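> Just so you know, the protein sequences line up as chains X and G, in that order. Read in this note's numbering, the first sequence has 230 at position 182, and its numbers run on one by one without any break. Read in this note's numbering, the second sequence has 177 at position 175, and its numbers run on one by one without any break.
It cannot be assumed that every hint is accurate.
Stated by the list, open to error - Each pair of labels, with its calculated beta carbon distance range:
no.: 1; chain 1: G; residue 1: 182; chain 2: X; residue 2: 361; range: 34 to 44 Å
no.: 2; chain 1: X; residue 1: 203; chain 2: G; residue 2: 86; range: 33 to 43 Å
no.: 3; chain 1: X; residue 1: 209; chain 2: G; residue 2: 266; range: 32 to 42 Å
no.: 4; chain 1: X; residue 1: 203; chain 2: G; residue 2: 80; range: 17 to 27 Å
Stated by the list, open to error - Away from chain X, derived, C-beta distances all over 12 Å, residues of chain G:
no.: 5; residue: 21
no.: 6; residue: 66
no.: 7; residue: 70
no.: 8; residue: 124
no.: 9; residue: 127
no.: 10; residue: 154
no.: 11; residue: 170
no.: 12; residue: 182
no.: 13; residue: 218
no.: 14; residue: 257
no.: 15; residue: 269
If you are wondering where the hints come from, they were derived from the structure by calculation, not from laboratory data. If you're wondering where the values come from, they're calculated on a predicted model, not measured in any experiment. From the three backbone atoms N, C-alpha and C, an ideal C-beta is built for every residue, glycine too.
Residue strings, one per chain:
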Amino acid sequence: MTVRLQNEGAEAAGETAAPPVLAAAGLRVAFPGRGGRGTARAVDGVDLEVGAGEIVALVGESGCGKSTLARALLGLVRPTEGRVLFSGEPLDYRSRALKRYRHRVQLVQQDPSGSLNPRHTVYEAVAEGLRIHEGATAEEERRVADALSRAGLRPPERFFTRYPHELSGGQRQRVVIAGALILDPEVIVADEPVASLDASVRGEILRLILDLRAELGLSALVVTHDLGLAWNIADRVAVMYLGRVVEVGTVEEVLSEPRHPYTRALLSVLPESDAGEPVVLAGEPPDPTRIPSGCRFHARCPVLASGEAEREGIADRCRTEDPGILPASGGDRAACHHARLHG
Amino acid sequence: MTLLEVEDLTVSYRIAGGEAPAVRGVSFSLEPGSKLGVAGESGCGKSTVALALLRLLPKTARIGGTIRVDGEDVLGMRWGRLRAVRWAGASIVFQGAMHSLNAVRRVGDQIAEPILLHGTAPRAEVPERVGSLLERVGLPRWRARSYPHELSGGQRQRVMIAMALACEPKLIVADEPTTALDVMIQAQILRLIDDLVGGQGIGMLMISHDLAVLADTCDRLAVMYAGRIVEEGPAAAVVADARHPYGAALSAAFPRIGDPASRRAPRGLPGDPPDPADLPVGCSFRPRCPVAEERCAEVDPVLYPVPGGRSAACIKVRAEEPA
């Protein structure tokens, strides 16, 4: 069993004992289902930690709840149950405290063409957050210039009066990142930061995120469907399926020696995968208003379907017994009865 | 007979104050039963090539060169013949099925449309034909009565494929068929395309920004940059050992999980592609090229042959060739 996994990234940043910068504890977020169909349990019990200076990738398919979890960590959605912790302190949802919190934990959104106002210049876009949080300041221009150059737009003055449509996709993404950096956050939560970018630009933006960690000690939670991105920049990875983290560990552990059958299947279908015969799961990920009983993955699980679980004598448990919530640190790596037999 | 032959294709768009060349002399051919991938980034001209094949470009586009489908010249075709060739001779699967399907018509009616238009099957047999097409793409027959919004992204892409197959074309052009789909759904769709195309002697041209997807699916691969093919060859060889510096950079930008070289080391390419209306002198990749030399400003390289049935548009490749 692996008990060592938690603090590798934190150690790299020279800290071991401090509480994680950002954490979810027993977090649940439920929404009323569409058309009155029951309740959608978008996040259905998640423990997760991001250490100081650590980059954690939260991966999963559309609808798995990863964006809702990110929004809850940002204080944009109130959890139905459980807590969000910042430096060990529970998040305070009163409006002034929340505003202070959003100063320190910044969202970097996907699709820069959608999140930038086409009528605002680069200067206005980057200064906006500063004005909201600190009002008009004498050093505004200097701080906008600093943020732009940290985001790799140099010399910054050249970009002040440009409009989004005059920039390339990569430059627009850098403007969005500059808008987050201007408030000197401790954590950034990046939702698919490179999904709409060309491959050659993607590498440049990912390198920027690594540089920011090295220079500013930033922590990051990167929400993505792209396992290659996790391999490129993350220290740890959490794989989400239908509202739960089903596997968590260091990038090397999870991506090189996956234990959960879902993680294995995801890796096996990547183009140019070395993971042997592709395991293409049939059907679509099920609906969060109807989460299966027992293990939530059991209806699509290749280990159960192949009869392997039956031979191991765990098939009934897979169908009826919830493998539970994975702890954020230490202990168990995969929420799976089969993986635990072989752990 | 060669299924698709494209020779020196050029496309330019009229813009304020002149013309912008989007495709600058592209040639390739495709045999029945084979799959050619065209890779490249936004604005490289790959989708313009796809649209030109079936003359689906806007009126502002000027097309030159020749395109032959089954030996027949597409650019010189009269309107009636062109309509017959679309769907029945060659059909196209677009990216983003959400926007390509009509939102207010049942998907069964949309699949039936090309069949009725071309009289491929007698009217009374059309519902049966639609049902069997849905089954071939892995959807239940009752889905014919669904509207696009009732389907997931993957299911809509299956409907698009059913439409493309409706008149049993010999050539399918797939433009980013799996972009915006999750990996597992992408794998389902690619496997479906492979099964449907592989067994039937259908030729396929697949266009994508995703080199890894193309390498997995196609036999041969062409990499486009600034309106030209800059590298061409067997798919696996091009990805593993690209000979053009752009091909190499693009290939390195797709990390292989487990490869220590890309761990904590994302690789990209600084700079942006050139403005088509203002191309650099000499090699158009020169401003971004990590190995450019002075003479690259003097020569606009064409595709030079490389051993192994490959070619690359880089003067360094030519220099390596024995005289």
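> Compare the structure with each hint and give your call.
Do the hints match the structure? See the list:
Taken as a hint, the range 34 to 44 Å holds for the pair residue 182(G) and residue 361(X), whose Cβ atoms sit roughly 42 Å apart. Here the CB-CB span from residue 203(X) to residue 86(G) is close to 58 Å, at odds with the stated 33 to 43 Å. Between residue 209(X) and residue 266(G) the CB atoms are about 36 Å apart, so this pair conforms to the stated range of 32 to 42 Å. Between residue 203(X) and residue 80(G), the C-beta spacing of about 57 Å breaks the proposed range 17 to 27 Å.
Even its closest Cβ contact with chain X, about 21 Å, leaves residue 21(G) beyond 12 Å, as expected for a residue assigned away from the interface. The Cβ of residue 66(G) lies farther than 12 Å from every Cβ of chain X, with a closest approach of about 27 Å, so its non-interface assignment holds. Every CB of chain X is more than 12 Å from the CB of residue 70(G) (nearest about 31 Å), matching its label as outside the interface. Remark: the non-interface label on residue 124(G) is consistent with the geometry, its nearest Cβ contact in chain X lying 34 Å away (cut-off 12 Å).
Taking the minimum C-beta to C-beta distance to chain X, about 30 Å, the non-interface status of residue 127(G) holds against the 12 Å cut. A beta-carbon of chain X is positioned within 12 Å of the beta-carbon of residue 154(G); the least distance is around 5 Å. The Cβ of residue 170(G) lies farther than 12 Å from every Cβ of chain X, with a closest approach of about 26 Å, so its non-interface assignment holds. Non-interface call for residue 182(G) relative to chain X: violated, since the shortest CB-CB distance, roughly 9 Å, does not exceed 12 Å.
Distance to chain X contradicts residue 218(G) as a non-interface residue, since its nearest Cβ pair spans about 4 Å, not more than 12 Å. Its beta-carbon lying about 4 Å from the closest one in chain X, residue 257(G) breaks the requirement of being farther than 12 Å from that chain. Remark: the non-interface label on residue 269(G) conflicts with the geometry, its nearest Cβ contact in chain X lying 5 Å away (cut-off 12 Å).
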